[in-house]
Amino acid sequence: MTAYLKLDHIDKSFARGSQVSDVLKDIRLTIDKGEFVSIIGHSGCGKSTLLNLIAGLTKVSAGAVLLEDKEVDSPGPERAVVFQNHSLLPWLTVYENINLAVTKVFGRSKSRAQRHEWIMRNLDLVQMAHAKDKRPAEISGGMKQRVGIARALAMEPKILLLDEPFGALDALTRAHLQDAVMDIHSRLGSTTVMITHDVDEAVLLSDRIVMMTNGPAATIGEVLPVPLARPRRRIELSSDRTFLRCREAVLKFLYERHRFVEAAE
Amino acid sequence: MSIQAIEDSKVKPFPAPAKPAEVIAFTARARRRFDPAAIAGKLASTLVPPVIVITIMLVVWQVACSSPTASLPPPSQVWNEAYDLIAHPFFDNGPQDIGLAWRVLISLQRVAVGFGLAAIVGVALGALVGQSIWAMRGLDPVFQILRTVPPLAWLPLSLAAFRDSSPSAIFVIFITSIWPIIINTAVGVRNIPEDYRNVARILRLNQFEFFVKIMVPAAAPYIFTGLRIGIGLSWLAIVAAEMLTGGVGIGFFIWDAWNSSRLPDIIVALAYIGVTGFCLDRLVAAVGVFVTRGTTAK
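For the protein sequence lines, the chains are A and B, in the order given.
Going by the working numbering, the first residue of the first sequence is number 1, and it counts up by one from there.
Going by the working numbering, the first residue of the second sequence is number 1001, and it counts up by one from there.
Among the clues, some could well be false.
Stated by the list, open to error - Per the computed footprint, the stretches of chain B lying under chain A, defined by three or more beta-carbons under 8 angstroms from a beta-carbon of chain A, are:
1) 1246-1260
2) 1271-1277
Stated by the list, open to error - Simulated restraints, written as ranges between beta carbons of each label pair:
3) Arg1204/B / Ser238/A: 35 to 45 angstroms
4) Leu1146/B / Ala113/A: 20 to 30 angstroms
5) Leu1146/B / Arg259/A: 36 to 46 angstroms
6) His197/A / Arg1204/B: 43 to 53 angstroms
7) His9/A / Arg1204/B: 24 to 34 angstroms
8) Val1291/B / Gln114/A: 30 to 40 angstroms
9) Arg230/A / Phe1034/B: 21 to 31 angstroms
10) Ala1040/B / Gln114/A: 51 to 61 angstroms
11) Val1291/B / Phe14/A: 30 to 40 angstroms
As the list claims (entries may be wrong) - On the chain B side, residues computed to face chain A include the following (Cβ under 8 angstroms):
12) Ile1003
13) Pro1141
14) Gln1144
Hint data in this document are derived by calculation from the structure and do not stem from the laboratory.
Think of the CB as a built atom: it goes at the ideal place given N, C-alpha and C, for glycine as much as any other residue.
Construct the complete structure from the given sequences, taking the supplied hints into account.
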């Protein structure tokens, strides 16, 4: 069986003048259709770079990103990204922000009425239909992120890329959004790659957790499958021993074996 | 590494509280009523200070210019001798004898054409310079040198090129007002957040869609700053250009009045020019506020 998304021996280095710095080295990973994979690591280890490579926003130095056996070398709506700081266009309303994406992706294949219905369905999915005529400045940070997710889902992507989507939110809002993402994942079965630095979040949401070593020339240290049945409920899991053991494994990886050395940079 | 799933003894949930907490609804706040006294007070506080200052200025001027040897007319003389101009801005007694409002409108027409062209070309060039590093390296030094050339220095050249006064005046407006529009647009485009560009790339917006849907709205606050400076400069330039090219604009009227020693007429014309320039500035600012609402908010 061929993998849905395949990261095939990827290297990434940035050149600044004559100085070349290796960021990622020999990344090998396959992701199946419908899988939810988290990538976790200390800041500066190149997690976001890896996500940008999958999105096609930056180009690989060596190796290849293959989505359904086709090489990815430019960004496109079939790999929708939810950015950390939502990236909604502030001069457009919530509805218009999603409409921009929907018109571009489905402008030919769907009629106006179908597009409207599709936008509203995606807004309903993130429970934001009530705010469709508000501008991003008028809604809270968690709501903006919900709209960002709706915009990404509205592109009907083959793979959904989440770049620390809840990093800028407070803990309670974050929990709500994690539940929303779990709910959406179970309903749509969307293949998802999420960057995070939150261990609980990674264990709660993921089927597999990819742990990155520290940079420079970071690579995948370990991949931990999370054998927890879905649907998962955070309150029950907080005392579940499997959950705690997974959590412990990730923490051990991050804080014992690959302790973040701040003085290095 | 892998972890086996374990059958787990779950924690028991807390029993539900016997009685839910009581919900107390807030009463709606009383709505502020229309208050004429407050509005009148606000109006007075904005109007009274400038009225007092203008009155003092007029009195000082009157006293200073009342002696028979004074070279400039006092306000009372301006009022008496130029009463026709002040009271009837829209009279029309033939080709060279028309009210000041007509003259201002004719000048405004030229400004509209010159400034309109400058806005279109300026935003396009500014977008190019802001977007492309090579366009910036090539064009920026040229812009920086040309923008320091005073408006009237362009006039002989444009008269030679167009061989007519009206297009020459329009060209001077154009060349005067285009620089701040180009420079501000370029800064605005350069400051478009990387995230908006990434959104555009993921959506595969083409160049035109990117320009219309992302670049112009994102850079709008900067563009309008440029337009506002530009309209001020073009109003400065038109008066000077018309003094030299003739015709029926407000600038030529001042030159004509000077040649026939009608000083009070000049003073009235100055007031017209000042008020019109102020209105133009406020008009562009208001359009800017209307168009960019929401853009600057994060």
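Status of each hint after checking the structure:
no.: 1; hint: 1246-1260; verdict: violated (count 0)
no.: 2; hint: 1271-1277; verdict: violated (count 0)
no.: 3; hint: Arg1204/B / Ser238/A: 35 to 45 angstroms; verdict: holds, 43 angstroms
no.: 4; hint: Leu1146/B / Ala113/A: 20 to 30 angstroms; verdict: violated, 53 angstroms
no.: 5; hint: Leu1146/B / Arg259/A: 36 to 46 angstroms; verdict: violated, 58 angstroms
no.: 6; hint: His197/A / Arg1204/B: 43 to 53 angstroms; verdict: violated, 30 angstroms
no.: 7; hint: His9/A / Arg1204/B: 24 to 34 angstroms; verdict: holds, 27 angstroms
no.: 8; hint: Val1291/B / Gln114/A: 30 to 40 angstroms; verdict: holds, 31 angstroms
no.: 9; hint: Arg230/A / Phe1034/B: 21 to 31 angstroms; verdict: violated, 59 angstroms
no.: 10; hint: Ala1040/B / Gln114/A: 51 to 61 angstroms; verdict: holds, 56 angstroms
no.: 11; hint: Val1291/B / Phe14/A: 30 to 40 angstroms; verdict: holds, 39 angstroms
no.: 12; hint: Ile1003; verdict: holds, 5 angstroms
no.: 13; hint: Pro1141; verdict: violated, 24 angstroms
no.: 14; hint: Gln1144; verdict: violated, 27 angstroms
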